[in-house]
Amino acid sequence: MKKISFVIVLLFSGLVWSCGDDKPKEKKEDPFKTEATKKKKGDDEETSAAVVSEESEPEEEPVETTPIPPEQIKKAKEILASISDSDLATIDGKKKYKLFCTPCHGMDGKMAINGAKDLTKVKTSLEENVAQIYHGKGLMTPFKGVLKDAEIVAVANYVRDVLRK
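Residue numbers for the sequence shown follow numbering that gives the first Met the number 0, so the first one is 0 and each next one is one higher.
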């Protein structure tokens with residue numbers, strides 16, 4: 000019986016010790032606050048108006064992209080020329096997008112994880128889209144050999160026609 004009560008006391012004291020002390024933790028400053036949002040409520044009206052306008056007006060600027068090399072554009076044009084409308088009709092571009100693109104771009108194209116661009120804001124041509132999907136870019140995986148050429152075009156069409164409306 001002594002051993003059981005000793006073990007219980009030992010476990011209880013370990014639990015109390017692991018919970019830490021009763022001192023309140025230091026509050027860390029939010030690294031995402033801007034200078035305007037750091038101001039206190041008692042500041043002048045001009046600053047508070049600036050904060051309201053910053054929060055209420057989302058930026059709708061197109062995302063800048065680096066140019067795609069000419070040899071990749073040439074390959075994309077070859078792919079587009081080799082794909083017929085009947086080939087594209089048999090492929091569900093949305094399904095392929097969901098399967099391969101949503102981990103970084105999200106279902107609506109706006110997620111932008113791991114350096115991925117917001118597809119709703121990027122203004123690129125169909126040739127550039129095909130080239131980027133085929134060859135990859137930055138951290139993006141090249142999908143040549145993963146997707147057939149017709150599937151790449153179907154995904155590029157889905158991005159252009161549905162996500163960028």
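A hint or two may mislead.
[Said to hold, decoys possible] Simulated restraints on C-beta separations:
1. Met110 to Lys2: 25 to 35 Å
2. Ser83 to Gly137: 15 to 25 Å
3. Lys2 to Ile112: 18 to 28 Å
4. Lys97 to Ile3: 50 to 60 Å
5. Asn113 to Gly144: 46 to 56 Å
6. Lys147 to Met110: 22 to 32 Å
What the hints contain is simulated information worked out from the structure, not anything from laboratory work. A virtual CB, placed ideally from N, CA and C, is assigned to each residue, including glycine.
Do the hints match the structure? See the list:
1. Met110 to Lys2: 25 to 35 Å: Violated: the Cβ-Cβ distance is about 56 Å, outside 25 to 35 Å.
2. Ser83 to Gly137: 15 to 25 Å: 31 Å, violated
3. Lys2 to Ile112: 18 to 28 Å: Taking Cβ atoms as reference, Lys2 and Ile112 lie about 53 Å apart, which means the hint is violated.
4. Lys97 to Ile3: 50 to 60 Å: Since the Cβ atoms of Lys97 and Ile3 sit about 56 Å apart, the hinted range of 50 to 60 Å holds.
5. Asn113 to Gly144: 46 to 56 Å: 21 Å, violated
6. Lys147 to Met110: 22 to 32 Å: 25 Å, holds
Of the hints listed earlier, those the structure fails to meet are numbers 1, 2, 3 and 5, in rising order.
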